[in-house]
Structure formats: C-alpha cells, structure tokens
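For the protein sequence lines, the chains are A and B, in the order given.
Residue numbers in the first sequence follow my numbering, run continuously in steps of one, and reach 780 at the last position.
Residue numbers in the second sequence follow my numbering, run continuously in steps of one, and reach 1266 at the last position.
Watch out, some of these pointers could steer you wrong.
[Unchecked claim] No more than 27 Å apart at the CA atoms, straight line, and that leaves these computed lysine-lysine pairs for DSS-like: (1) A/Lys22 - B/Lys1086; (2) B/Lys1026 - B/Lys1039; (3) B/Lys1039 - A/Lys59; (4) A/Lys274 - A/Lys244; (5) A/Lys652 - A/Lys761; (6) B/Lys1086 - A/Lys122; (7) B/Lys1026 - A/Lys122; (8) A/Lys59 - A/Lys275; (9) B/Lys1055 - B/Lys1134; (10) B/Lys1053 - B/Lys1085; (11) B/Lys1170 - B/Lys1086; (12) A/Lys89 - A/Lys188; (13) A/Lys89 - A/Lys150; (14) A/Lys244 - A/Lys537; (15) A/Lys30 - B/Lys1039.
Hints in this document: simulated from the structure, not taken from any laboratory.
All of these numbers come straight from a predicted model, not from anything done at the bench.
For reference, the chains in residue letters:
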Amino acid sequence: MGVEGIGARVVRKEDKRFITGKGRYVDDIKLTGMTHAYFIRSPHAHAKVKGIDSSAALKMPGVVAVLTGKQLVDDKVGNLICGWAITSKDGSPMKMGAWPAMAPETVRFVGQAVAVVIAESKNLARDAAEAVVVDYEELPAVADMHAAIKTGAPQLHPEAPGNQVYDWVIGDEGAVNAAFSKAANVVKLDVTNNRLAPNAMEPRAAIADYDAAEEHFTLYTTSQNPHVARLVLSAFYNIAPEHKLRVIAPDVGGGFGSKIFIYPEEMVALWASKKVGRPVKWTGDRTEAFLTDAHGRDHITHAEMAFDANNKIIGLRVKTYANFGAYMSLFSSSVPTYLYATLLSGQYNIPAIHAEVIGVYTNTTPVDAYRGAGRPEASYLIERLMETAARQLNVDPAQLRRTNFITQFPHQTPVIMAYDTGDFNASLDAAMKAIDYAGFPARKAQAKSQGKLRGIGVSCYIEACGIAPSKAVGSLGAGVGLWESAEVRVNPVGTIEILTGSHSHGQGHETTFCQLVADRLGVPISQVSIVHGDTDKVQFGMGTYGSRSAAVGLTAILKAMEKVESKAKKIAAHALEASEADIVIENGEFKVTGTDKAIAFPMVALAAYTAHNLPEGMEPGLKESAFYDPTNFTFPAGAYICELEVDPGTGKTSFINFVAADDFGRLINPMIVEGQVHGGLAQGIGQALLEHAIYDANGQPVTASFMDYAMPRADDLPSFNLSHTTTLCPGNPLGIKGCGEAGAIGASAAVINAITDAIGKNNLEMPATPDRVWRTIHAA
Amino acid sequence: MYQTTYHRASSVDEAASLFAKSSEAKFLAGGQTLLPVMKQRLAGPSDVIDVAKIKDMIGVEASGDTLTIKAATPHYDVATSDAAKKAIPALAYLASLIGDPAVRYRGTIGGSIANNDPAADYPAALLALDATVKTNKRSIAAADFFKGLFTTALEDGEIITAVSFPVPAKAGYSKMPHPASRFALAGVFVAQTKSGEVRVAATGASQNGVMRVPAIEAALKTNWSPAAIDSVSIPASGLLADIHGSAEYRANLVKVMAQRAVAAAG
C-alpha cells in the first residue's frame, strides 16, 4: 500500500487550512459592489399574504430593493420541484403542491420567505426588513401527522386532498398475509422516528453575480452537488441556461444531506442579482437554519413480524406515515419509499415483506434526506423489532439474529434489493467479543448492587449506498442518473490534478482521492491535487451523498487513472525501447520488468507534452476522463452493541461502552473512516438521546435554537470502540462499500435497545430524554 | 444587532455616571445573556456599559467567616479559586457546573444574579447560604433580592459590586443539567449554617424562580442525611414544565438532587 497509498492512515491534507482558519467558505467571499439580502419570513405556520407594504423600507438608508413573491412569480421563476416521481398504489402520481421560492399568496410553515430586502449591508437590510409591513390573514394550521389526515383538518394544498402526498406500497401483501396466518408467534411494535434538524456547522449561504454584458450568472453556494444545482436551476427554475450559469461550491462546512437540495434563497439571490444589477449575498443565521434547512426523519410506524415455531422470521408487515412538512423538497419522495422500505429485510432472511407508506403534508419545515435518509428509519424499526421479539420469545437477542441472518450471497430480498456480499456473523462475533457479551450478566448484577440499571443493546444494520446504478434508480422514479465522473490531468512536470464530480464537505476527499493516485503511481500525495466544486472547472458530476464518493466517485477516478497509465506505459515502452507488456509501475517509475531500465513518471509526462518522441500516431498530452456507473448499490453492514447504565433517580443514561464492528469493504484511509464513524455515531446517539425538532399544535417551532434543541456534545458521548470485518464489494474494482452514514444508521437502535433492557420496559420513544426514561421506569 | 454605543468603565462610579447620562443603557459583564439577546434584536440599548474590566469588581476573598466574590468575577475563577474551594467547596463546585467552558470564562456572578434566570445556578447558592448582595448603593439579603422570573430588587442603574457568603458548617450542590442549554433542569443547594440552621434552595424548578424548599429543610433539620428526605413529597404544582422536563419530573429532581447534595455535603 505504501506510506500514502490505499489503507494508509494519512493525515488530512485539507486540515491545515481548516484548523488555521484559512478555509474559504461562501461567506468569506466578497465581490465588488456586493449587496446583501435579508429575507422576510412568515411568523405564521399557515396564512394568506394579503399585502406587502414596503414603502417605508424603501426610504431607509442603504436599501437597494424590496422584492416580493408576487414579482418572482410575475417574472416566471419556476416553482421548486421534487425530482423523484413516486406512484401511489391506486396508480396516481404523487401530489406535489406548488412551492414558489417566495410565497405570493399563502405561507405554509413558519420561516417561509415572503419578500427579500436587498441593501448595502446585512444590518441595513435587516433594519429595513423590520419596516416592511406584511398583512397576513392567519389560517388554521396542522403540525401533527395524524391530525393532518383526519377529516376536517386544515388543508395545505389544493393539489393534495386530505394532505396526502401519496399512499405507496411495496411487496407481496398476499404472501405476507399467508405467512401471518400460519405464524407461531407475532411481534408487534409501534415506533416514532423523531424529527431532526441537521445543523451543519456552516449555515447555508449564497452569492449570486449576474453579468449583464454576457447574460451570465455565477452562483457561489453551500452545495453538496453543484452540477445538480446548476441542472435544476436551469432546467426547472428558468434562471439561465446551463452554459450561462456557473455554480461554485467552495469549502462547505458540513451537509449531512441538507445541502443536496436547491433552496429558495439561492434562486432568489440569482433572480435578485439580475434585478438589481449587482451581486447579492445571503448568509443564513442559525435561526434560519433551524427554520428552513430541510429536516430529517419524522416517521410514525406500526410493524408486525411473524415467526415460525423455530424463531425464523416468516413475514413482515409495515405501515408508515411520513411527514413531508409543508412542501416536497428535492428528493423527499424517495426517502420514505425507495431508500426506506427497500431495506426492511435488514440482515435477515425474510421471505415475505409488505410495506405501505403514506406521505403527509403538515405546516412544518419540509423534510428530506438527512444522514442515512430512510435507511436509519428502516434499521431502527427492524432492530427494535428484533429486540422486542427476543424479549417476547424469551431468546437471546444476539442468537435470534443469528437464527435469521442471511448467510448466502447474492441474496435477493422481497423488496427490490439484491445484497451482493456480507458476513453478518463475523461482524456480530467481533462486536460481542469486543464488549465481552458473555460477561454482561455479571456486570449487570454488579451495577444493580450499586443502585444502577445496566442494559445492553444490539443493532445489526445494513444499508444500501452509492445510490446507483442509474438504470436502477431511473426505473424507480429518479429524475437523474447517479453515476460519477472524473478527469485525471497529468501536468508536463508530472504533477497531477484530479477533477471529480464528487464534492467534499468534511469527507476528506483531498486526501483519500490522492491516496489512490499515490497507490497506483507511487508518487507522493503532495504531487496530486483535487479539483471539485466548480461547474466551470469540472465536468458534469453528481455530487456527494449516500456514502457514494469512494464507491462511485473514486472508481471513476480509477477508470480515468487506468487510461492514463495505459498511455503512459506506451510512452515509457517507446522511450525504453521495450514492449508495453513488460512495463511495470513501481515507486514513481516505469520499469522494464526484470531489468534496471526505468524512466521516472515526470519524464513520461514531459515526453507526452513535448511530443518529440511519441509512438507513431499517438496524440500528445496526458489527460483522461471517465464516467462510472456501478452495477449495483453497495451494502455496508455491521453490528453495534451499546452497554449503558440508567440512573433510576433521574432517568439519566450513562454510557459504559459502545462497540462498532463495521464491514465497509476496502478502506482507503482508516483514520478518516474512523472519523466518519465517530460523527455518524454521534448523530445516531444524538437522535436516540437528545435531538428532537418539535412543533406545537399550531405549527410554531419549539426548538429553533441550541438553547432548546439538544445537539450532542463530546461529553454526551462515550469513547467508541471500533473495529472492521471485511468482505470486499464485488460491484466495484476497489471493493469499497462506503462508510459515511453507517454510524447514524445503526447507533440509535443499539442505544434504545440497551435502555429498554436496562429498565425492563420495551416501549420507549426517541429521544430517550431523562424525563421520558424516568417516567417510563415509574409508569404503572 | 441594532446600533449601540459601547463604553468601558474603569470604576464603579464611572459606570454609574455613564448610565445616568444614557437614554437607555445596559450594563455588560460577561454578556452571556445580553449579547445573544442583542444579536437577536430582542434588546436594543442605546449604550452598553462594560463593567467586566473594573479592577475593584474582580476577585474572590475569604475573611473570617465570610467569602466575598466580587461581581465581575468569572465562573471559571470561582471554580478554581483556592479561597472559594477552602471556604465553601460546594460553591466552587457549583461554578464549575455552569454552562460550558466558554461560558465559564466569560460569565460572571453579578451578571447571573442580576439576570435572575429561573434556571441559573448561582441564585440557589445565594438563597441557601443566606448571602448578601452588595451594590453601589446598599446591601440586600438574598431572600429580598430575588423577586421572581428575571426580576430582582435592583433599581434602575444600580450596580452589583460583590456577593458575600457566610461560611456554612456544611453545604452541597447537585444539579441535573438541561440537555440543550446546560442550565439547571433542577439544581438544589443545601446548607447547614454554623448556628445549626438548615437552608435548602432549588433552582430550575419553580415558575417563580429560585425557591426555598421548607419540607426538605424540616426533614434535614431533624436528621441531616439523604435518607431523611425519602419520605418528603414535593408537589408538582407551580413547577416549570417544558419539552425537557415535566413538572412531575422536576418535583422528583428537587428531591433527588437534594439527597445527592446532602450526600456530597457530608
């Protein structure tokens, strides 16, 4: 592997600039003549906008313009779209309510923009915003999903009667009914998957710069996928044709899914920049992040699992209500359907599965993909069910899982996915050994003697990552292909630039992608740089989400590298007067195998560009590109076990140990993988114990600041005990499965299973706050 | 933030005179409440008078049976003060639990009690230890100082200069932190004075801010031990309730925290 090659724990190249404050985020960018936008947002969850009087604001110092939703609609800026078409069980398409970037007539959640002030500074814009008078006529609002689908509930969209987005089904209902009719035991469970606010460290921001002479726009934005942003802005929002719109996503401080989507603010900034003839900057604050960044999760599910007399699962029946919030965000429709129900088989051999998912509009912030996106909901449900079943059937929870593990691969589940490889027993073995599972009863007894309730909880997760191949996602309704692109540019002196369609916003691509090059060519990673995040520099690419950058993006780089190496070998063979088949690459040199004849890689590069002595007919230069579309999703999986204690006096949970045994296939940089797992576990544990985005019955957010929304902090978390078992992914040449979301997918069930084990009561919702745990302990 | 004029006072008198000259001034100490509120435009003082750099207002001193903490002393300084740890270790411990390190480096005792947040830690200590609040005009007993939610006996422009605590025979503090804000969901300070009086104060629990807990005081007066509180029942009525803690939960916490505070006090 070499000291910097695949598998090496290379320190992150990008960290020097991040930890010395030299990162370049959108808000760090200042353009000549730049103006500042401040959005006027609805304080009501549901209201008619009767009128907007901006006359006083327009007279205030530094005000350039006040623009409203009506003007936006008059200028034919397109409504926001949802890019994944889902069909209800009755054959009807999903019901998409119109979502203009600023509301001309009706606001449907607190924080929805109705107008924007453009001024010489942000503070002046905010001053003027206070002078804009918006005349609202309040309408009845509904925030609770069950209330929203009741007859007589306030209606959000004329397009969606009964506030229903869709009623979608998957699986064979007849087979499931047959399984339940012959079941020896049936286990039932109701679970709520709590709503979360993603809270990337960097709030969203945008700068739009319109060049009237060229009729060209530049957009700097906090995006995980700048090409997709450009495509959507041009194809659907009528902002500009693609070749007249450059989208730049510079350093981006975290996304977790929330920066996949195209938001109203960047649309308005682009439109406003043309209107005022100057660059327009908007930087959201934390309150705006809570109110307008797409939230995650928010499911209510009833599930039933049927077992035969040997404790083998024979059927699974699931009904889920998924809260969409007030509008359908860009990929929201796919999250509770194809990213959720297709994973309901978990790690288990389940012959019959049927799931029904009902999407519901409510007067709350739109909900979309958040780290894991559908897969945490599936994993949490299945792993809570398995634990519940073990308790009901009076068998060891680890053994019940082993009884039902899939052990033969490939494995076709009854819900579309075909698992390619895995070794679920190996992960569970590793986790059980790491936590000394066998010694737990003694530790529990010891804790009891000290007045503490100790519990242990297992979670065996599986996820589908890469979010590809394109043909597969297309057949399921995706509006885009989900391949990835790369270009490898070798410079005449032998340094290398990698242009990737992936986008790094914390993942460490600037290091890991270089490690592939170092591994193949034997050049130091300091000789390689990664170029990403600019549609003018980089070929079309699909961006980073779904743990896909290594499995899909890095494989595209590999494909381009292979082409570069092939040409370089021809040049080397020609220079060394050897056969191309005899050329091997070692430590930065192209050697004739079995001889001491060699030419250094920079000399090969120089030869390619001087072109003085190339093989007959060869084009000069050394630059190749590739598009890579995988043949299947990848299936990272693993076993997490959590051991904790509950203080019966306060209900407070304290971690004793948390072990994670993951199978991510091949690891490029184990240190970065561990960092990804730590972050994911923090978010999974945050969901289990702390985080909850709450609305009151009238749709007013209760948790719109860190004073009320409990983000996990370092002292809320245990020291993690990580290990890896490996089955290489057969779907890509590097054998990579992906590691970005696993922690967030697998952790929450382990925590809740451990708490419910500790307190001896099975019904406990997330977040398991001390108050909730205490009340559960003491409930009759 | 609205436009404001910042002044840094070098003495208490200068701070008072700056205040008198301003139309709508606010004193700034650690800024842990005022600055966020100003950033959210929920406050727009014409003038901000910074008292945090006034030398006479910083420091912890023990003298005889009294520990004096000057008003602009940050929590971190109290938590690490040898004088405080020796005279009233429970008070130094309380300071070490406030917020997080960033808050403790900035936030001050004077700022905390002047704001009188119903979930702040210090008011419980002041009330249980029968402390005296010293201002530039007078001395106020803690029992008379706290007047309910975010309300104190301070007059307009009056500046807290120090808080003096009688050194107790025994004292302890125990707190269940709010999961998000790290204020107290409930925090209970128990003290036994050198004359044998038992005083117990709870913060974070009552809708009226910091409160004495007579039922626990009576139980401890008879028998200074955690077990003495076992039979005490704290009514939930009048207690705060929010997404992080129901009134019943807070009532339970008052009892449990009191028991743990007694155990810590020894």
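Here's how the hints hold up against the structure:
{"no.": "1", "hint": "A/Lys22 - B/Lys1086", "in the structure": "violated, 45 Å"}
{"no.": "2", "hint": "B/Lys1026 - B/Lys1039", "in the structure": "holds, 14 Å"}
{"no.": "3", "hint": "B/Lys1039 - A/Lys59", "in the structure": "holds, 24 Å"}
{"no.": "4", "hint": "A/Lys274 - A/Lys244", "in the structure": "holds, 13 Å"}
{"no.": "5", "hint": "A/Lys652 - A/Lys761", "in the structure": "holds, 15 Å"}
{"no.": "6", "hint": "B/Lys1086 - A/Lys122", "in the structure": "violated, 50 Å"}
{"no.": "7", "hint": "B/Lys1026 - A/Lys122", "in the structure": "holds, 24 Å"}
{"no.": "8", "hint": "A/Lys59 - A/Lys275", "in the structure": "holds, 18 Å"}
{"no.": "9", "hint": "B/Lys1055 - B/Lys1134", "in the structure": "holds, 16 Å"}
{"no.": "10", "hint": "B/Lys1053 - B/Lys1085", "in the structure": "holds, 24 Å"}
{"no.": "11", "hint": "B/Lys1170 - B/Lys1086", "in the structure": "holds, 12 Å"}
{"no.": "12", "hint": "A/Lys89 - A/Lys188", "in the structure": "holds, 24 Å"}
{"no.": "13", "hint": "A/Lys89 - A/Lys150", "in the structure": "holds, 20 Å"}
{"no.": "14", "hint": "A/Lys244 - A/Lys537", "in the structure": "holds, 14 Å"}
{"no.": "15", "hint": "A/Lys30 - B/Lys1039", "in the structure": "holds, 22 Å"}
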